[in-house]
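A.B. asks: Spelled out from the first residue to the last, the chains are:
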Amino acid sequence: MQAFNPGPKPQAAQRVLAMAFALILVFMALAPLASAHKVNVFAWVEGDTVHVDGYFAGKKKAQDSLVEVFDSTGEKFLDGRTDQQGEFSFKIPKKTDLKIVLTASMGHKNDFVIPLSELGEVSPEPTVESEVRTKPEAYEKKMVAAAATSEVNLTRMESIIDKALDRKLTPLRKLIRETRQEGVTLSEVIGGIGYIFGLMGVALYFMSKKKS
Amino acid sequence: MHISEGVLSAPVLLTGAALTAAGVAVGLKKMDSERVPLVGVLSSAFFVASLIHVPVGPSAVHLVLNGLLGLLLGWTAFPAILVGLALQALLFQFGGLTTLGINTFNMAMPAVCCYYLFAFGCGFLAIFLSAILVALSLIFTGESFLAAAKVLVVAHLPVMFIEGIVSSFCLGFLKKVKPETLGMTHASV
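Keeping their order, the protein sequence lines are chains A and B. Following this note's numbering, the numbering of the first sequence begins with 1342 at its first residue and continues without gaps. Following this note's numbering, the numbering of the second sequence begins with 963 at its first residue and continues without gaps.
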């Protein structure tokens, strides 16, 4: 019932092997090595909001994927779905380590942890926020002068600086996300093929021992 | 189609691992020293093929090649696919080590089925395609293609099954008795 067996005829077997080799070379040439088959999740904090970005390697957005947020003990805070851009945002529910789990279709899943130290002030006073938005520099100067006199102002100033930094760092975070090496490198591919050939050698060694 | 870690429950993972272990055992038993190079090279091809992904549809999909492996390797596709998937999990983080069993079974079992169904498929499909061509020819007599095709395919369904079975028996018989007719000197699996 069996169909194709190259059999031990030497030329035929060699031809099949050569063709399979060629196949591997063609695939390696075709494969854009940065693209892999895996879903990635990246998250960053901006003020009291966490932004989550889900994407498949090769920069394809993970749309309409389930996002779940857990604390360090594994208790679930909230869940939601990514939008057309593969993004999802939520307010920080509690100051703790956040574990963000993204479940995409067809059995793909990954997670991202934001440690407690990366969470800024959870609920800064809204007035400060709006004032900073409209006139950040002037407000900061005023605050620096005021801060020298009062402890309360010092903490307010801190939150202002956090805000300003968040704003300045957002493009940087996006850049990091985009350049983060998520793909497969050539050395891994060649290494894997090397492993297989090594296993082949081991198998042949034991088979030759059995024969003799 | 690699299932990631933490998606499946333990019974599914264990069943997959057990079935894969059985398949690999059969495959290793059938693998003689002359086939080892072919198994290894095709395992490499499987390993590399997963890097070529096809950007169509809602998720990321890639080439799998399990049909080719099944056709050429038969049961030895099990060890070949196991090795390929293990290296993909370790080096590329595709799938995972706990899901290795179920992932291997999902890829390798259909490969083995294709190996056995090849002759059946040839016998079956040839009739089906002939029916389609006949229906196409009838378009010019004014008959509607869909109606004609439907009638022809349904009428020939029993023949398709019969010829599929006959073809697979013929091929199996020829392989045992007169392998030269199939372009082989002897059957090794």
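Simulated from the structure, these hints should not be mistaken for lab results. Warning: the hint list may mix true and false statements.
Simulated crosslink set (DSS-like; lysine-lysine; CA at most 27 angstroms straight-line) [unchecked claim]:
(1) A:Lys1552 / B:Lys1138
(2) A:Lys1552 / A:Lys1436
(3) A:Lys1552 / B:Lys1112
Far from chain A, by Cβ distances over 12 angstroms, these chain B residues were calculated [what the hints assert, rightly or not]:
(4) Ala987
(5) Gln1055
(6) Leu1114
This structure is a prediction, so every number in the text was calculated from the model and none was measured. In this text, a Cβ means the ideal position worked out from N, Cα and C, and glycines have one as well.
A.B. asks: Which numbered hints are broken by the structure, listed smallest first?
C.D. replies: 2, 3, 5
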